[in-house]
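Asker: Protein chains in written order, with the numbering used here: chain Y, 2 to 289; chain A, 401 to 725.
One thing to keep in mind: the hints can contain errors.
[Claimed, not checked] Below, a list of computed lysine to any residue pairs in the SDA-like style, where the Cα atoms sit at most 20 Å apart:
id : chain 1 : residue 1 : chain 2 : residue 2
1  : Y       : Lys264    : Y       : Ile13
2  : A       : Lys474    : A       : Arg631
3  : Y       : Lys264    : A       : Asn526
4  : Y       : Lys264    : A       : Trp527
5  : Y       : Lys86     : A       : Lys474
6  : A       : Lys557    : A       : Gly544
7  : Y       : Lys87     : A       : Val694
8  : Y       : Lys87     : A       : Met699
Quick caveat, the hints were computed from the structure, so don't treat them as lab data.
If you're wondering where the values come from, they're calculated on a predicted model, not measured in any experiment.
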Amino acid sequence: METLVQSLVSGILTGSLYAMIGVGLTIIFGVMRIINMAHGDMVMLGMYSSFWALTLWHIDPFVSIIFWVPVAFLIGMLTYRFLLKKIVPAGELNTLLYTAGLSLFVSNLALLVWTGDYRTIKLDYAVMPLRPLGIAVPIPLAVAFGMAILITALLYWFLVKTDTGRAIRATSQEPMAAALMGVNAAQMEMVTFGLGTALACGAGVLLAPSLYLYPTVGEILVAKCFVIVVLGGLGSVQGAIAGGLLLGVVESLGAVYVSVPYKDAIGFVIFLLVLLFRPSGLFGVGKS
Amino acid sequence: MKKTLLIIIGLIVLGIAPIVIRSPFFVHLMIMVLMWTVLGASWNILGGYAGQVSFGHATFLGAGAYTTMILYLKCGVDPWYGIFLGGLVAMVISLPIGFICFRLRGPYFSLSTLAVAEIVRLVALNWESLTAGPVGLLITTLPGVSFLGQPINWESKVPFYYIIAIITLIALIMTYIVSRTRVGAYLLALREDIDSAESIGINTVKARVVALALSAFLAGIAGGFYAMYLRYVDPDAVFSIGLSVEMLFIAIVGGLATVGGPLIGAIVLVTLGESFREHFLSGHLIFYGFFMMVAIRYMPDGVWGRLNVLFKKLRLKKDVNHGTA
Chain Y
2 METLVQSLVS GILTGSLYAM IGVGLTIIFG VMRIINMAHG DMVMLGMYSS FWALTLWHID
62 PFVSIIFWVP VAFLIGMLTY RFLLKKIVPA GELNTLLYTA GLSLFVSNLA LLVWTGDYRT
122 IKLDYAVMPL RPLGIAVPIP LAVAFGMAIL ITALLYWFLV KTDTGRAIRA TSQEPMAAAL
182 MGVNAAQMEM VTFGLGTALA CGAGVLLAPS LYLYPTVGEI LVAKCFVIVV LGGLGSVQGA
242 IAGGLLLGVV ESLGAVYVSV PYKDAIGFVI FLLVLLFRPS GLFGVGKS
Chain A
401 MKKTLLIIIG LIVLGIAPIV IRSPFFVHLM IMVLMWTVLG ASWNILGGYA GQVSFGHATF
461 LGAGAYTTMI LYLKCGVDPW YGIFLGGLVA MVISLPIGFI CFRLRGPYFS LSTLAVAEIV
521 RLVALNWESL TAGPVGLLIT TLPGVSFLGQ PINWESKVPF YYIIAIITLI ALIMTYIVSR
581 TRVGAYLLAL REDIDSAESI GINTVKARVV ALALSAFLAG IAGGFYAMYL RYVDPDAVFS
641 IGLSVEMLFI AIVGGLATVG GPLIGAIVLV TLGESFREHF LSGHLIFYGF FMMVAIRYMP
701 DGVWGRLNVL FKKLRLKKDV NHGTA
């Protein structure tokens, strides 16, 4: 019983960060139809940002996120404006390949500059886990969980309540009609790409104390990300949140009750099954 | 006529290159270029002609590599049959994968092949009785073979060069045959519009399965060669997403749905990558990413297509000059 609760808890904690990355990927897909293969590398850049802020300037990751997120937002907007904008009209497959190229470029640049060595972030307060009710909760992961929820909730509020958010959702639902109603689609696309990148990068900053850092970590993260957004239905924000939490829990339960080595495979098997039998996601809200 | 001449010159250059330039690095580079040409050609049959963008071709490379290795180590089958059998095994494995993934279209097909490849990699990593898991398989000696009465020296790279040169020729001829036959026409039709292709009576599932099987066969053979050349395989070396991505980059940068494209792509990218690797520890795929972005943005027909256009322009200019002279 205790193992069950323990693995549920750690699954949800990790899942919240998966959800954050997944939401970033899904809003980008929803608005621009870009399947962003470079999304995992944005997470990787976030992890390294967090590492360097701590190593060089002694700023705690959970503080440095305050300035890394806006920086990532800007970088995302610039990436869209100068690299991706011209490719988007050429169709989903071309953007998929283009972002795959971008991903390889970024991760190899990181390999060149930072080498392939595994790095870790050590925080003084991270040594002992919290033990509420006998369940071990690592402190960095708990803080990251809280911040991920806060950021995701803020984004959700932004999409639902603000004018820009409404315009983004309108562009996602029906770009033509949105443009006719006076929404500046090009601007919304840029803002959305910035937001997606900021979410990925922010999640990276939060994840850094709990994972190993290496330049090609994005490869596995982006694959997980696809599992999440396909589970939840491509383009759906609620779906990505649910999908992220679900994948976190499935992986963590799988590691305990199926086998540790195959825990990553479980996600991919579910992914294939969902793609084949429920292409609009488990909740039937995605766009196929 | 001119084309035949070019091909003959190409063959002669291919034949004498390692005899003229004896530097081991150069021979290694040539071997890598040719091996990646085969892999690019393999990817090109499915991705270029049939338009099915696979992100999981490392599966077939890995299947070929492991088949050759396991047959040699555990059953004593000579690698020269083993490489061929590796191709066949890769082909057999491709059938269920095609059955699953061809239900999906466009980018969803790509994502599904990525998922399948990851599952296969994890299986290879954990099926230790067969694959020895992350430790990998190592061979120390290759069986003695004599050619024209001379025993072949496997410590030299030159024999490997000729083997991969022959495999490359087979791959290019196979691509040429596919592009000239009915199957090739079916593939191009279904690439342009799968629904229309189906409506005029093309069995698109069958056509795609044939393309995948041929493609897997080539990748499997290249995989077998890879295992014998490096004498070592482990799951992360032969089943990684990175390898699948390299294959597709070479094919796309070289030029989709062309016979010579993968060769050009491999010459450009592998030469840049390997020379970079000589000087820096890591990050040699940086050019792959860069050229991919450039290719998608500025030359959708790849370097080969761009060269063809330039060539035609030059010829046109010459003709015009002749006309006025």
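Asker: Which numbered hints are broken by the structure, listed smallest first?
Answerer: Number 5 - this is the single hint that the structure violates.
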